[in-house]
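Enquirer: For what it's worth, the numbering used here labels the leading residue of the sequence shown as 3, then goes sequentially.
Hints are computed from structural coordinates only; laboratory data are not their basis.
Careful: at least some of the hints might be erroneous.
[What the hints assert, rightly or not] Computed cross-link-like contacts, DSS-like style, restricted to lysine-lysine with a CA-CA straight-line distance of at most 25 Å:
{"no.": "1", "residue 1": "K8", "residue 2": "K61"}
{"no.": "2", "residue 1": "K61", "residue 2": "K10"}
{"no.": "3", "residue 1": "K53", "residue 2": "K10"}
{"no.": "4", "residue 1": "K53", "residue 2": "K8"}
[Said to hold, decoys possible] Estimated spans, in silico, between C-beta atoms of each pair:
{"no.": "5", "residue 1": "A101", "residue 2": "G60", "range": "48 to 54 Å"}
{"no.": "6", "residue 1": "G60", "residue 2": "Q83", "range": "44 to 50 Å"}
{"no.": "7", "residue 1": "G60", "residue 2": "V33", "range": "20 to 26 Å"}
{"no.": "8", "residue 1": "R12", "residue 2": "I52", "range": "17 to 23 Å"}
{"no.": "9", "residue 1": "K61", "residue 2": "W96", "range": "36 to 42 Å"}
{"no.": "10", "residue 1": "V30", "residue 2": "A102", "range": "25 to 31 Å"}
{"no.": "11", "residue 1": "V64", "residue 2": "Q23", "range": "19 to 25 Å"}
{"no.": "12", "residue 1": "L85", "residue 2": "G60", "range": "19 to 25 Å"}
{"no.": "13", "residue 1": "L24", "residue 2": "Q80", "range": "32 to 38 Å"}
{"no.": "14", "residue 1": "R94", "residue 2": "K61", "range": "41 to 47 Å"}
{"no.": "15", "residue 1": "F97", "residue 2": "C62", "range": "16 to 22 Å"}
{"no.": "16", "residue 1": "V33", "residue 2": "R94", "range": "21 to 27 Å"}
Just so it is clear, CB atoms sit at the ideal spot from N, CA and C, and this is done for glycine as well.
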Amino acid sequence: DGRFNKSKVRPWVHTALARQQLPLLVIVDSVPEEKAPGASKSKSRSVFDIKQVSYESGKCNVVPYLQDFPFPYYVVVQDLQTLPHILSDVLRQWFELVAAA
C-alpha cells in the first residue's frame, strides 16, 4: 500500500533540505471509481481516504494519513497522462524557489 514509517523518514528529509536538495515524493494514486446507482459501497483505495490511528494519553485519535506527512514537497498523481506536465511544473516551481533564495 506504500505506507512507511514517518518518524524514520523525517531525518532523511531534513538532511536533504539542509543540503539544499529537493526531496520530492510522487504518489501514484488510484482514481476513485464511479458507483452505479444502487450498487454497494466499495472500499476506496485513494491515499486521500487512508486514515492513521495514534494513541495519546490513552485516547484514540484517527487522522488523515497525509495530515503529518514528512515530505514538504509531494504530488499525488491520479492520471498518469498528466505526469509529464506535473513534473515540469514541479521543476519550474523549484527553480523559482532557488532563484528567490
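Enquirer: If a hint holds in the structure, say so; if it doesn't, say that too.
Expert: Comparing the hints with the structure gives:
Distance check on the hinted pair: K8 and K61 sit about 21 Å apart at the alpha-carbon level, within 25 Å; holds. A C-alpha spacing of about 24 Å is found between K61 and K10, which places the hinted pair at or below 25 Å, so the restraint holds. Between K53 and K10 the CA atoms are separated by roughly 19 Å; this keeps the pair inside 25 Å, and the hint holds. For the hint linking K53 to K8, the alpha-carbon distance of about 14 Å falls within 25 Å, and the restraint holds.
Between A101 and G60 the Cβ separation comes to about 50 Å, which falls inside the hinted range of 48 to 54 Å. Taken as a hint, the range 44 to 50 Å holds for the pair G60 and Q83, whose Cβ atoms sit roughly 47 Å apart. In this structure the hint that G60 and V33 lie 20 to 26 Å apart at CB is violated, the actual value being about 39 Å. At roughly 19 Å, the beta-carbon separation of R12 and I52 lies within the given 17 to 23 Å, and the hint holds.
In this structure, K61 and W96 meet the distance hint of 36 to 42 Å, their C-beta atoms being roughly 40 Å apart. Under the hint 25 to 31 Å, the C-beta atoms of V30 and A102, about 30 Å apart, fit the expected range. Distance hint for V64 and Q23: a CB-CB separation of about 33 Å, inconsistent with the stated range 19 to 25 Å. The given range of 19 to 25 Å is broken by L85 and G60, whose C-beta atoms sit roughly 44 Å from each other.
Range check, L24 to Q80: Cβ separation about 22 Å, and the 32 to 38 Å hint is violated. About 44 Å separates the C-beta atoms of R94 and K61, a value consistent with the hinted range of 41 to 47 Å. As the Cβ distance of F97 to C62 is approximately 44 Å, the hint placing it in 16 to 22 Å is violated. With their beta carbons about 25 Å apart, V33 and R94 fall inside the hinted range of 21 to 27 Å.
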